[in-house]
Amino acid sequence: MGEGTFPIPHETGAGIAAAGGKGTYLEVIHSWIVTVDHKKLGIMYIVYALLFLVVAGVEALLMRIQLAAPNLTFLSPQTFNRMFTMHGTTMVFLVGMMILFGLGNYLIPLMIGARDMAFPRLNAFSFWMSALAGVFLYFSFIGGNGLAGTGTAPDVGWFAYAPLTERAFSPGHTIDYWTVSLLANGIGSIGTSINILATVFCMRCKGMTLLRMPLLAWLYATMSFLTLVTISPLTAAQAMLMIDRYLGGHFFDTQAGGSAILWAHFFWIFGHPEVYVLVLPVFGMVSEIIPVFSRKAIFGYPAMVAASVCIAFISLGVWAHHMFTIGMTSVGNAFFTLSTMLVSVPTGIKIFNWLATLWGGKIRFQSPMLFAIGFLFQFLIAGLTGIMLSVSAWDWQLHNSYFVVAHFHYVLVGGIVFMLFSALYYWYPKMTGRMMSEGLAKWHFWLMLSGFHMTFDLMHIPGLLGMPRWIYTYEANRGWGTLNMLVSIGGFIQGVAVLIFVYNMVRSYFKGAIAGPDPWDAWTLEWSTASPPPAYNFAVDPEVGSRRPLWDIKHPEDMDSAFE
Amino acid sequence: MLPRTAAAFSPTSIFSTQSTPARQVNELSFFVLGISAAIFLAVSLLLAYALVKFRARSTDTAEPPQVFGSTQIELSWTIIPILIVTVLFLGTARVLFSVQDMPKPASALDVTAVGHQYWWEFRYPQYNITAANELHIPVGQGTTGRTTFLKLTSADVIHSFWIPQLGGKTDMLPNRVNEMWLDPKTPGVYLGQCAQFCGAQHAKMLLTVYVDTPEQFASWIAAQQKPVAELANGGAAAGAGPALASPVPVAGAGNPAGDAIDALTGQKVFEQQACINCHAVSGTMANGRFGPDLTHLMSRKSLASCAMANTPENLKAWIADPSQFKPGCLMPAMHLTDRQNAQITAYLQTLK
Chain A
291 MGEGTFPIPH ETGAGIAAAG GKGTYLEVIH SWIVTVDHKK LGIMYIVYAL
341 LFLVVAGVEA LLMRIQLAAP NLTFLSPQTF NRMFTMHGTT MVFLVGMMIL
391 FGLGNYLIPL MIGARDMAFP RLNAFSFWMS ALAGVFLYFS FIGGNGLAGT
441 GTAPDVGWFA YAPLTERAFS PGHTIDYWTV SLLANGIGSI GTSINILATV
491 FCMRCKGMTL LRMPLLAWLY ATMSFLTLVT ISPLTAAQAM LMIDRYLGGH
541 FFDTQAGGSA ILWAHFFWIF GHPEVYVLVL PVFGMVSEII PVFSRKAIFG
591 YPAMVAASVC IAFISLGVWA HHMFTIGMTS VGNAFFTLST MLVSVPTGIK
641 IFNWLATLWG GKIRFQSPML FAIGFLFQFL IAGLTGIMLS VSAWDWQLHN
691 SYFVVAHFHY VLVGGIVFML FSALYYWYPK MTGRMMSEGL AKWHFWLMLS
741 GFHMTFDLMH IPGLLGMPRW IYTYEANRGW GTLNMLVSIG GFIQGVAVLI
791 FVYNMVRSYF KGAIAGPDPW DAWTLEWSTA SPPPAYNFAV DPEVGSRRPL
841 WDIKHPEDMD SAFE
Chain B
27 MLPRTAAAFS PTSIFSTQST PARQVNELSF FVLGISAAIF LAVSLLLAYA
77 LVKFRARSTD TAEPPQVFGS TQIELSWTII PILIVTVLFL GTARVLFSVQ
127 DMPKPASALD VTAVGHQYWW EFRYPQYNIT AANELHIPVG QGTTGRTTFL
177 KLTSADVIHS FWIPQLGGKT DMLPNRVNEM WLDPKTPGVY LGQCAQFCGA
227 QHAKMLLTVY VDTPEQFASW IAAQQKPVAE LANGGAAAGA GPALASPVPV
277 AGAGNPAGDA IDALTGQKVF EQQACINCHA VSGTMANGRF GPDLTHLMSR
327 KSLASCAMAN TPENLKAWIA DPSQFKPGCL MPAMHLTDRQ NAQITAYLQT
377 LK
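So the protein lines, in turn, are chains A and B. Residue numbering for the first sequence follows this note's numbering, beginning at 291 and increasing consecutively. Residue numbering for the second sequence follows this note's numbering, beginning at 27 and increasing consecutively.
Keep in mind the hints are simulated off the structure, nothing from the lab. Any given hint could turn out to be false.
[As the list claims (entries may be wrong)] To give a feel for the contact side, a few chain B residues facing chain A, derived at Cβ under 8 Å: (1) Thr38; (2) Phe80; (3) Asp127; (4) Lys195.
[As the list claims (entries may be wrong)] Here are some chain B residues pointing at chain A (derived, C-beta under 7 Å): (5) Gly60; (6) Ile105; (7) Ile108; (8) Leu114; (9) Phe123; (10) Ala229; (11) Met311.
[Unchecked claim] When the alpha-carbon atoms are kept at most 27 Å apart in a straight line, the in silico DSSO-like pairs for lysine-lysine are as follows: (12) A:Lys496 <-> A:Lys652; (13) A:Lys652 <-> B:Lys79; (14) B:Lys378 <-> B:Lys327; (15) A:Lys732 <-> A:Lys652; (16) B:Lys177 <-> B:Lys252; (17) B:Lys79 <-> A:Lys732.
For glycine and all other residues, C-beta sits at the position ideal for the given N, C-alpha and C.
Whenever a hint applies, use it, and build me the whole structure from the sequences.
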């Protein structure tokens, strides 16, 4: 490894000096709009996603008010249906996808020692396409029935089963906004996926072989591959739906001999791998954060890589477990039971390797680690309820009930959102140069944890007691009232926690302690440059000799490269 | 024991099983729950132990020994989960095939259930009757038991038929027929509702199943097979003469103005308004198929797909403006006068 490459905390670079002062507001805004810098684009993705996180959170809380007791009339049925459709679509496409692409954009070049993504202009194009998707989707509130009429958002659920989306059942233009929004978002996702793959495979610094890459880069590459494969059927299905609606097609038009099941297949062959698209990058973040705060190298790196790729492949063959009640043959049901259960094997390997990384370490309970531990515990439970749902015969009872809602929120909130908080606490100092308040972070963590468990642990029970999804109200005699009240209260506790987080982010930006280049005593390349990194990332191209280049510098007597 | 506790909480608990498919699934679910609980306990105890045991002490700043992995350990936590998956899969397959591929007994009762936005149609081809929203089936177990086989389909969008105590759900799809079977153990009332989002009133697409003793079921069938009760003077009930041909004075006998609030006038109003485009009353000229069959409306305990009790007041208010109770439902307010509503209600009261 090159002498003098690390660390480079001192900002003597000519670039910074040349950039001069901050300029006027217009100049600043202009610089963000025309930027092709992966770091600025990454931050824009993240801020955009956090904005929609708050919007979708408000939608969820409106629904929780409506469901707090039986037979409430806080929301009209139509409004409630719009809320769950918008909440689901927003969280998956505008929050989940965008914040993950944002973190990936920001981190991958820094972690593999590159100066930018492989295709910076494509990167900017992809961001603006994805951002346009949010505009399309939310414009439906104004323009859903055409500008003259009252606006209405789509109200068919986030997976929009045909033939409810056909013009016979959904007149007006709400479905069109939904479709166009997903098409635009899909183009952005495909662009970024190509970009990430090209970056990971072509832009690594000297010495960084594939098996020396940070696991985060591996998982983003896997996720990008999966995105390329799965966005295509979704896009195809959207095009077919538009052909049905405007060009007289009959793909899903059951009144003219079309097939309702066809849409379900198209949607879920996208929709199930989509869950892994969202969770794989998060696995990458866990695999970076847990070692640093346990002070140990990741346990079983090659097994982690193999398990990730394995999960991606298996996840392409499990989609019909969303369709156990749709009337498949018993052999079909058995096949998808087995394939779904098999996902638990590589996922289990990951959980055990994280546990083994903790084992024998010296665990520091700082805010990123707290959220990572929350992730581990909750992801374990989410995996186990997932196995229950894969038991197809039992799924006939559980399918489309609140048990399923609780299960996938365990994955998405208990797993992914918790880990995103962890990642933001961990990399915020790198992005802004300032630390976030650890005191507020602890408030955030404990409130989030208690609110989360109050909401989503209890939410399993109404499902077991026969409560289906998507209902805007329920009968008093069903015995679901008390549980739903507690679930709603938990939801508001989580809302307060997220507000504390947002406040912490804003406050720390102006008042946080100066972070320095390496506040967590970490080992990957992004911590070898200044915080925030200069536009060119590294003054000198880094060169690495192991998976933990900064460990090698800090411990010349015990270098990793000696073992590889 | 547990089913009884669960039933105390809710009449729709999946643990308080009352028929064979539900019971088999329930036994499987306890098996899976047991294995899951064991895994959960083992892993979360390991996690808790690691967090306490390996926490950093402030006095000790040296880095811990670095361990990079172990092939033997990786193999063990690959192979053990594969064995667990095998066990779970075999257990599932057993129940899956036994429930889904159960051969249909010759004595089975056939019911064709059709989902509509937002109500249920039940046809009994063996008895040539059509009912709505309240499904009557006989007890399925014991010496006099008779299994019910349902053919499920839909008239519009996807719905899903679900009575948690009697069995898992099966979707109702347009252009397709799915099947499921039930053999309820004890007579009683079982609740459920549509389990696939089907539009604005998905939440109020409720469903009630009456499980009858063989005698009750036979008498229910007999009552449903009866033609509609003939009103005074024969009315328009006779199928032979179309209502247009029946002389007006007969229908409104003793009341030339036709504004009496009685069943006879009500029938005339019913048949002159758009009601008959959607609703059928067998034996009369009303033969619409879009809405529920009203031939034996008064034999049902509820209105609007089990969303409200079948009382004369509710019936009249429902006819006046259905969207007041179920906003977004497909039955329009017909803008009838209060008198006309009362007349139609009086007529419908005779459809026993």
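List of violated hint numbers, smallest to largest: As far as the earlier hints go, 5, 6, 11 and 12 are violated by this structure, in ascending order.
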